[in-house]
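The whole structure should be built from the sequences, with the hints applied where relevant.
Protein chains in written order, with this note's numbering: chain A, -6 to 210; chain B, 23 to 246; chain C, 5 to 197.
Each hint can be trusted.
Straight-line C-alpha distance at most 30 Å; calculated DSSO-like pairs for lysine-lysine:
#1 LYS96(A) <-> LYS67(B)
#2 LYS71(C) <-> LYS88(B)
#3 LYS232(B) <-> LYS75(B)
#4 LYS88(B) <-> LYS96(A)
#5 LYS99(C) <-> LYS40(C)
#6 LYS203(B) <-> LYS192(B)
#7 LYS137(B) <-> LYS71(C)
#8 LYS88(B) <-> LYS232(B)
#9 LYS40(C) <-> LYS195(A)
#10 LYS71(C) <-> LYS67(B)
#11 LYS137(B) <-> LYS96(A)
#12 LYS192(B) <-> LYS239(B)
#13 LYS162(C) <-> LYS195(A)
What the hints contain is simulated information worked out from the structure, not anything from laboratory work.
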Amino acid sequence: MKDPRIPDPLSWSVFTQGIWRDNPVFVMLLGLCPLLAVTNTAMNALAMGLATTFVLVCSGTLVSLLQRVIPKQVRIAAYIIIIATFVTIVDYAIQAISLDLHKALGAFIQLIVVNCVILGRAEAYASKNPVVNAIVNAFGMGVGFTLALLSLGIVREIIGSGSLFGIDLFGAQFQPWAVFVLPPGGFFVLAFWLFVFSLMRKRKETRAKQEEVARAA
Amino acid sequence: MTETAPVPTASPSSLRLIATLAGIAIMSGLLVALAAEFTREPILKNRREALEKAVFTVLPEATARKNFLLNESGLTPLGDDAISEANCYAGYNESGELVGVAIEASARGYQDVVKILYGYNPHTNCILGFTVLQSSETPGLGDRVETDPDFLANFACLEATLNEAGTDLKNQIVTVKNGTKKHPWQIDAISGATVTSTAIGTALQKSTTKLLPLIHKVEPEFAQ
Amino acid sequence: MQPDSLTFIFLNAFVINNFVLAMFLGLCPFLGVSGKIKTAANMGLAVVFVMLVSSSSAYGINLLLAKFNLEFLRLICYIAVIASAVQLVEMAIKKFSPALFRALGIFLPLITTNCAILGLALFQTNREYNFPQSLAFSVGAGAGFTLALVLMAGLREKLELADVPDVVTSAALALTLGGLLSLAFMGFAGLGG
Chain A
-6 MKDPRIPDPL
4 SWSVFTQGIW
14 RDNPVFVMLL
24 GLCPLLAVTN
34 TAMNALAMGL
44 ATTFVLVCSG
54 TLVSLLQRVI
64 PKQVRIAAYI
74 IIIATFVTIV
84 DYAIQAISLD
94 LHKALGAFIQ
104 LIVVNCVILG
114 RAEAYASKNP
124 VVNAIVNAFG
134 MGVGFTLALL
144 SLGIVREIIG
154 SGSLFGIDLF
164 GAQFQPWAVF
174 VLPPGGFFVL
184 AFWLFVFSLM
194 RKRKETRAKQ
204 EEVARAA
Chain B
23 MTETAPVPTA
33 SPSSLRLIAT
43 LAGIAIMSGL
53 LVALAAEFTR
63 EPILKNRREA
73 LEKAVFTVLP
83 EATARKNFLL
93 NESGLTPLGD
103 DAISEANCYA
113 GYNESGELVG
123 VAIEASARGY
133 QDVVKILYGY
143 NPHTNCILGF
153 TVLQSSETPG
163 LGDRVETDPD
173 FLANFACLEA
183 TLNEAGTDLK
193 NQIVTVKNGT
203 KKHPWQIDAI
213 SGATVTSTAI
223 GTALQKSTTK
233 LLPLIHKVEP
243 EFAQ
Chain C
5 MQPDSLTFIF
15 LNAFVINNFV
25 LAMFLGLCPF
35 LGVSGKIKTA
45 ANMGLAVVFV
55 MLVSSSSAYG
65 INLLLAKFNL
75 EFLRLICYIA
85 VIASAVQLVE
95 MAIKKFSPAL
105 FRALGIFLPL
115 ITTNCAILGL
125 ALFQTNREYN
135 FPQSLAFSVG
145 AGAGFTLALV
155 LMAGLREKLE
165 LADVPDVVTS
175 AALALTLGGL
185 LSLAFMGFAG
195 LGG
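What follows is the structure, encoded as structure tokens:
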């Protein structure tokens, strides 16, 4: 059993952990609220992913820097204050960059603060590892989250609006399947991806079992 | 293999807990205040640009705009930055003549409130057009109010004449079923998007009833 | 019905723009606590209470912040208030019903990170509701949340006896059910005129 007091050595897996093996959405099922709400277009999905990554990295850095200063009893409250700070900053930044984007993402920018991914990473990793590791891991988690958001956003936008990042793909004859950019569509597309990944995992397991049987024979 | 015994940590005093939280709170407050200050100018600039674009969309002949606050007590000119306090924007052409007034209106649509900015010419008593400021209507259905050419044709000159006493509209603006428009003060709804079309009509009706009599009363004050 | 009337605001939050099925708020407990109807109903009740407390506090805080021009501190203050409200509810449940406390488990303190509560505070601020409207909004939102949870729990209880293929994970199944419920609730659009 790994002693939790020994921090991870910096390695490639610290970064990739958040992308595939422990993807915050598809494996840990965290951060679902913004996932379904802002993925009606690929652009919104990308913007939300970048904003969340920013908050992840900044809060992870600060939490890691202050890990010896924050007493255990008030750590959750402290983490939440830190996360709320960076979320507010990102909110102002988005307003300064593009009011249209801010309107499209709406209240969900501020809801980044209750995205379980960020608090979860602060508690599980950033508070126990050196700053560089924390930054790399947070960045990896952010990338994983953004990829998940994009996987939904791209599918929903193509089927539901016939466009990608605002660029019309199919021309005027295409009758978009509007339900996919509406709330039910979000549920269905996520369920579909989970189903696909579960199928892939099952296939990997059966193949591994077959190899084992073949080796034993 | 020997397991090192966990080192017992002394429980920190309440003072230490409060002091740490307070310190973090102060640091957060400072960071946020800095960010707010830093982004104040760009945000104001964005808002101003968005407003300009909207006003010039609904008043196509205008080249300059001024902000005003219009209420029962009269017309108050406001500065260029007073975007959120203003509820009425006057558009002037190159010769400085008033080409129209842009006003905000809103009504409940299919999903949420639909906010529009519409242009009104007090000389011709026409509503010249509108642009959607905020809407979460169904893509492909409700949001067609912004693009459908037949719907937009309603606004070539949507009649909004005052009655003799100048206290209300002679004929209330109303949205009618697709294909049944008979009068210039009616809006022909988009078939399949009745709720959103009705929302536009309701927004205009509410706003014109309240503000158009006032506009006519203070019209000379708009002159530059 | 007038769009600013209390009845309409309640109906809107309850079914027309249901917090879970239309606004995507509160999904973690929606997927996590909807295994049994009784637990779901109790979770819903706890959430309604936290929502009422948070909504009133948020209204008060907003007035104060606006007075001193400190709007940028809004998010931090809201989240602090919500965390305290949850702490209060947790202590109350632990004292009055230890069995319920055990049944809700980790999901009780997780109400703090429940987007529905913060979302409630943020939406009511954005829409500039006055105090009675905020209360109607929070009761409607809490009731809507409970409704969605209980419906989901009812469906999942039935499905436990069904023959579902192995490959379909419980999460994928729950999400598909959620999608169907969301589709059904779309029928409420336009209610109240």
